[in-house]
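**Student:** So you can see what is in the structure, the chains are spelled out below.
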Amino acid sequence: MTCERLASGNSILHLADPRIKIVLASFLSVEVVFLKTMAALILALIWAIFMLYVTGLKKDILLKRLFFVNVFIVVLWLVIPWSTPGATLFQIGPIGITREGVMLCSAITLKCNAIVMFNMALLSTSTIFALAHALDHLKVPSILVQLFFFSWRYLHVLEEEYIKIKRAAMLRGFSPGTNLFTYKTYANILGTLFVRSYDRGQRVYWAMVCRGFNGTFWLLSHFRLGSRDLILMSGMLILGICLLFVEWSTNWHL
Amino acid sequence: MHISEGVLSIPVLSAGALITVAGLAIGIKKVKPADIPKVALTTSAFFVASLVHIPIGPSNAHLVLNGFLGVLLGWAAFPAIFIGLVLQAVLFQFGGLTTLGVNSANIALPGIFFGLLARRFITLKRPNLSALIAGLAGGLSVMGSGLMVALSLSLSGDSFTLVSRLIFSAHIPIAVVEGIITGFVTRFLLRVRPEIVGCNLSGFQMKAYGNAALLLLITTFSISLLAPPIVEAHRVSVFAWYDGKVVVGKAYYANGKPAKHAKILVHKEEQPSHILTVESDEFGRFSFTPSSHGEYVIELVAGLGHKATTVVKVGKVKKGQKAVLDVKEPQKAVAPTGSVGNILEINVSCKKIEQLLEKVLERHLAPVRDELEKLEVAQSRVTFKDVVSGIGYIMGIMGLWAYMSSNRKS
Chain A
1 MTCERLASGN
11 SILHLADPRI
21 KIVLASFLSV
31 EVVFLKTMAA
41 LILALIWAIF
51 MLYVTGLKKD
61 ILLKRLFFVN
71 VFIVVLWLVI
81 PWSTPGATLF
91 QIGPIGITRE
101 GVMLCSAITL
111 KCNAIVMFNM
121 ALLSTSTIFA
131 LAHALDHLKV
141 PSILVQLFFF
151 SWRYLHVLEE
161 EYIKIKRAAM
171 LRGFSPGTNL
181 FTYKTYANIL
191 GTLFVRSYDR
201 GQRVYWAMVC
211 RGFNGTFWLL
221 SHFRLGSRDL
231 ILMSGMLILG
241 ICLLFVEWST
251 NWHL
Chain B
1001 MHISEGVLSI
1011 PVLSAGALIT
1021 VAGLAIGIKK
1031 VKPADIPKVA
1041 LTTSAFFVAS
1051 LVHIPIGPSN
1061 AHLVLNGFLG
1071 VLLGWAAFPA
1081 IFIGLVLQAV
1091 LFQFGGLTTL
1101 GVNSANIALP
1111 GIFFGLLARR
1121 FITLKRPNLS
1131 ALIAGLAGGL
1141 SVMGSGLMVA
1151 LSLSLSGDSF
1161 TLVSRLIFSA
1171 HIPIAVVEGI
1181 ITGFVTRFLL
1191 RVRPEIVGCN
1201 LSGFQMKAYG
1211 NAALLLLITT
1221 FSISLLAPPI
1231 VEAHRVSVFA
1241 WYDGKVVVGK
1251 AYYANGKPAK
1261 HAKILVHKEE
1271 QPSHILTVES
1281 DEFGRFSFTP
1291 SSHGEYVIEL
1301 VAGLGHKATT
1311 VVKVGKVKKG
1321 QKAVLDVKEP
1331 QKAVAPTGSV
1341 GNILEINVSC
1351 KKIEQLLEKV
1361 LERHLAPVRD
1371 ELEKLEVAQS
1381 RVTFKDVVSG
1391 IGYIMGIMGL
1401 WAYMSSNRKS
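From first to last, the protein sequence lines stand for chains A and B.
Using my numbering, read the first sequence as starting at 1 and increasing by one per residue.
Using my numbering, read the second sequence as starting at 1001 and increasing by one per residue.
Source of the hints: derived by calculation from the structure; they are not laboratory data.
Check before you lean on any hint, since a few could be wrong.
[What the hints assert, rightly or not] Once the Cα atoms are required to be at most 20 Å apart in a straight line, the calculated SDA-like pairs of lysine to any residue come out as:
1) A:LYS164 <-> A:VAL195
2) B:LYS1032 <-> A:ARG203
3) A:LYS184 <-> B:LYS1257
4) B:LYS1257 <-> B:PRO1290
5) B:LYS1263 <-> B:VAL1248
6) B:LYS1032 <-> A:ALA207
7) B:LYS1257 <-> A:TRP82
8) A:LYS64 <-> A:LEU52
9) A:LYS59 <-> A:VAL75
10) B:LYS1257 <-> B:ASP1281
11) B:LYS1268 <-> B:ASP1243
12) A:LYS184 <-> B:ILE1054
13) B:LYS1257 <-> A:GLY96
14) B:LYS1374 <-> B:SER1287
15) A:LYS164 <-> A:THR185
16) B:LYS1263 <-> B:PRO1290
17) B:LYS1260 <-> A:LYS164
18) B:LYS1257 <-> B:LYS1374
19) A:LYS166 <-> B:ALA1061
20) A:LYS184 <-> B:LYS1260
21) A:LYS166 <-> B:LEU1051
22) A:LYS36 <-> B:SER1156
23) A:LYS164 <-> B:LEU1051
24) A:LYS184 <-> A:ALA169
25) B:LYS1029 <-> A:ALA207
26) A:LYS36 <-> A:LEU52
27) A:LYS64 <-> A:ALA7
28) A:LYS139 <-> B:PRO1033
29) A:LYS64 <-> B:GLN1088
[Unchecked claim] If you want the footprint, here are the derived chain A segments under chain B, 3+ residues with CB under 8 Å:
30) 25 to 33
31) 128 to 142
32) 150 to 160
Just so you know, even glycine gets a beta-carbon here, dropped at the ideal spot from N, CA and C.
Using the sequences and the hints, build the whole thing.
**Tutor:** Listed below in structure tokens is the structure:
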């Protein structure tokens, strides 16, 4: 699976401490949600694009990801501009596009893309293992972290199983369509998947018990804050303050 | 299924986050160390299932399986779904950090509710009936999620009303397919490995609590599912005032939208037959000139038997109006002799001032009236939000009850 494709690289964002990145990503996401002025949102988006540039990731991967994110936004653009009451900007036949609707949609588009880009630059540049590790250090309930860790550990195994079962079905001439037989076949495939995951879970548990598992998840390595992390953190904090400053000093409201 | 970042309002986001924290707390309590691998593996299976695309007509949809997860895991489905969403957010940027709470609550709560309900009726003895019930739970969970997504959107702003309806209707075909597949998966597992469906990870089972309580919950839940559109459709309001010459008013639905081209009947003082009929315009506004003093009953007929009435008194203001009109006659008579008598002049200027004041007041009161009108609209809109918060209360009480019953057991 090509899930963790964004996590490979050696930019400052890839090498930074995942704890800092999680904290910064949460802080920036929440701050951007609270922004109300266009100027601040545009600034946030520019910063987010800049951070993606810093990661040095390939443009086509990033654009593909962003394309799927914006599908929902496109639906909003198709509906909201004409269904929101307000001052009419221009008419298309009988439909009036309102200023309020367009402004709302632009704000949502900016917000959504800025947050997603921040998360791509900060979170997706870490491996899931590093994130789970960092979450444990950030005092997230241990059971949740363990669930997170194991789910990720066996995700690929199960996906491979699924691909195998599906391939077997295809080899026997199964072609999906809108009929009860297809749904039944998919249900049986999923059922097999659940049986295998259940059995494997059982075996994993016994194997862990054999190795002395008692519910504690030991952490052997610890993160250390370096100068790189401090630079990143101060940079992001300055950005946060800038955003608030722009937010409070402009009147360009939605 | 997923709501993107930056769309929802801050109250909705924080409410979702709070519900998710509560749900995670309950869910984590249910997971014992021995259950971790099983719950985790089921989470992975949930994630893989969300990558499976099932054909529906010309299009296809990915499975949600929240109802099935509710059947399998009970309350432990909450952390499972939450983790699935975290993985999707980090790996594919579907959903995100700020919407994580709302999205988890929207998917997990209906799944757990219907899953726990269905689990009660699933037995090895009657696999077909059990599969049917599980399938129903699977379909209803997706519908419940669709409803919650629509609610989170429409509570975030009036602009999202139409979008939320579209998204809700998009869930209907998915719910059907989901129901069929959940039913078949349950039947498959009951034949192949019944202990998986019967596996009691959460330790939660509604044994001694009577069927009456259960039925009550089901009915309240289904009523609250159906209530918002009905309430919205039935409630119409009319608001009117007399401005000295004409009676002006506005007709609107409970959601604040104007009642366009609605028929308005005007009765005089409770008389059965109406004296005239007016139609509201594009913005729900209407006006008519009263022929005489007295109370007018204005009745809005918005089709399908939806009615609203209001009473406007025409009389007291009418007198003021008359006074203004009376001014003009002596004014003409007085004008040439105005310079002769001081008292008369003061008299006239007083009347002029009164006339001017009348005009100025009229101008200044117009926005106040508009405000009053908006207030009235906002007040009647509360009913819709009441229904929504009602669903919230039911969910909350349900959670509390489940939590307490689980404590009693352990």
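**Student:** So, for every hint listed, does it hold in this structure?
**Tutor:** Checked hints:
1. A:LYS164 <-> A:VAL195: holds (15 Å)
2. B:LYS1032 <-> A:ARG203: Holds - the C-alpha atoms of ARG203 of chain A and LYS1032 of chain B are around 16 Å apart, at most 20 Å.
3. A:LYS184 <-> B:LYS1257: violated (45 Å)
4. B:LYS1257 <-> B:PRO1290: violated (27 Å)
5. B:LYS1263 <-> B:VAL1248: Since the Cα atoms of LYS1263 of chain B and VAL1248 of chain B sit roughly 15 Å apart, the hinted pair holds (cutoff 20 Å).
6. B:LYS1032 <-> A:ALA207: Holds, at about 17 Å.
7. B:LYS1257 <-> A:TRP82: Holds, because 15 Å separates the two Cα atoms, which is no more than 20 Å.
8. A:LYS64 <-> A:LEU52: holds (14 Å)
9. A:LYS59 <-> A:VAL75: Roughly 24 Å separates the two Cα atoms, so the pair is violated.
10. B:LYS1257 <-> B:ASP1281: Roughly 13 Å separates the two Cα atoms, so the pair holds.
11. B:LYS1268 <-> B:ASP1243: holds (18 Å)
12. A:LYS184 <-> B:ILE1054: holds (11 Å)
13. B:LYS1257 <-> A:GLY96: holds (17 Å)
14. B:LYS1374 <-> B:SER1287: holds (18 Å)
15. A:LYS164 <-> A:THR185: holds (14 Å)
16. B:LYS1263 <-> B:PRO1290: holds (17 Å)
17. B:LYS1260 <-> A:LYS164: violated (59 Å)
18. B:LYS1257 <-> B:LYS1374: holds (11 Å)
19. A:LYS166 <-> B:ALA1061: Distance of about 17 Å is within 20 Å: holds.
20. A:LYS184 <-> B:LYS1260: violated (49 Å)
21. A:LYS166 <-> B:LEU1051: Given pair LYS166 of chain A, LEU1051 of chain B holds - Cα atoms ~13 Å apart, limit 20 Å.
22. A:LYS36 <-> B:SER1156: holds (14 Å)
23. A:LYS164 <-> B:LEU1051: With a Cα-Cα distance of about 15 Å, the restraint between LYS164 of chain A and LEU1051 of chain B holds, given a limit of 20 Å.
24. A:LYS184 <-> A:ALA169: Answer holds: LYS184 of chain A to ALA169 of chain A is near 12 Å, not above 20 Å.
25. B:LYS1029 <-> A:ALA207: violated (24 Å)
26. A:LYS36 <-> A:LEU52: Given that 20 Å is the threshold and the Cα spacing comes to 23 Å, the pair is violated.
27. A:LYS64 <-> A:ALA7: holds (16 Å)
28. A:LYS139 <-> B:PRO1033: holds (18 Å)
29. A:LYS64 <-> B:GLN1088: Distance of about 15 Å is within 20 Å: holds.
30. 25 to 33: n = 6 at 8 Å, threshold three: holds.
31. 128 to 142: As far as the segment 128 to 142 of chain A goes, the hint holds, because 3 residues have Cβ atoms under 8 Å from chain B.
32. 150 to 160: holds (count 9)
Consistency with the previously given hints fails for numbers 3, 4, 9, 17, 20, 25 and 26, ordered from lowest to highest.
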